[in-house]
Amino acid sequence: AQSVTQLDSQVPVFEEAPVELRCNYSSSVSVYLFWYVQYPNQGLQLLLKYLSGSTLVKGINGFEAEFNKSQTSFHLRKPSVHISDTAEYFCAVSEHKDFNKFYFGSGTKLNVKP
Amino acid sequence: DVKVTQSSRYLVKRTGEKVFLECVQDMDHENMFWYRQDPGLGLRLIYFSYDVKMKEKGDIPEGYSVSREKKERFSLILESASTNQTSMYLCASSPGTVPSGANVLTFGAGSRLTVL
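Quick mapping for you: the protein sequence lines, in order, are chains D and F.
Following our numbering, the numbering of the first sequence begins with 1 at its first residue and continues without gaps.
Following our numbering, the numbering of the second sequence begins with 1001 at its first residue and continues without gaps.
Hints listed in this document are in silico derivations from the structure and should not be mistaken for laboratory results.
Only true hints are included.
Straight-line C-alpha distance at most 25 Å; calculated SDA-like pairs for lysine to any residue:
#1 D/Lys-97 <-> F/Val-1052
#2 F/Lys-1053 <-> F/Met-1027
#3 D/Lys-101 <-> F/Ser-1087
#4 D/Lys-101 <-> F/Glu-1056
#5 F/Lys-1018 <-> F/Thr-1083
#6 D/Lys-58 <-> D/Thr-86
#7 D/Lys-109 <-> F/Asp-1059
A few chain F residues facing chain D, derived, Cβ under 7 Å:
#8 Asn-1031
#9 Gly-1040
#10 Gly-1042
#11 Ala-1109
Computed from a prediction, not measured in an experiment: that's the story for all the values here.
The beta-carbon is built from N, C-alpha and C at its ideal position, and this holds for glycine as well.
Generate coordinates for the entire structure from the input sequences, incorporating the hints supplied.
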């Protein structure tokens, strides 16, 4: 089974500053990787996904993430955040051999300040 | 786009009551899931269904049951609600067998349950 670690439970940042939200997973088996975003009082929506190919993945709202197999990481980045990016972000992993099972991190709350 | 609809956004129930949480998806997805979300714990899988009338226990099935009589509908049942089941409940669906080999979850808006 996978273990997904999001070390930062909360990340405060000023508007227009860059941000990185970290995600590490435990096993180096072949995986699919996802970032989801949850706005207040809403469900989760897909931000971006890594299935195969280029290790740099671009998603919605200017976010991107880089898959690093040797470090088993999938960190999320945005070069300039907006107030509207304030939300909770979840990293998720599924394995190629059992792609119906998803492992979620505990979430990182991004708080963008004016 | 796939839409996953959870019928109740907010519920308040009393200890011992039977609670039904309903979830409907409209894109003919094979798989449906119920997750529980609590602060600092992320999402924990309660039950998973990969076909009509089929179900598998997730990580925290105790105190819950599920029903999938039709492909589009997946119900979560709390037979006798307790205060420690106060939580946000998220339903999700995914296609099942996908040529690329990856299923992507699509979530409903969530049902926030308070048990008094």
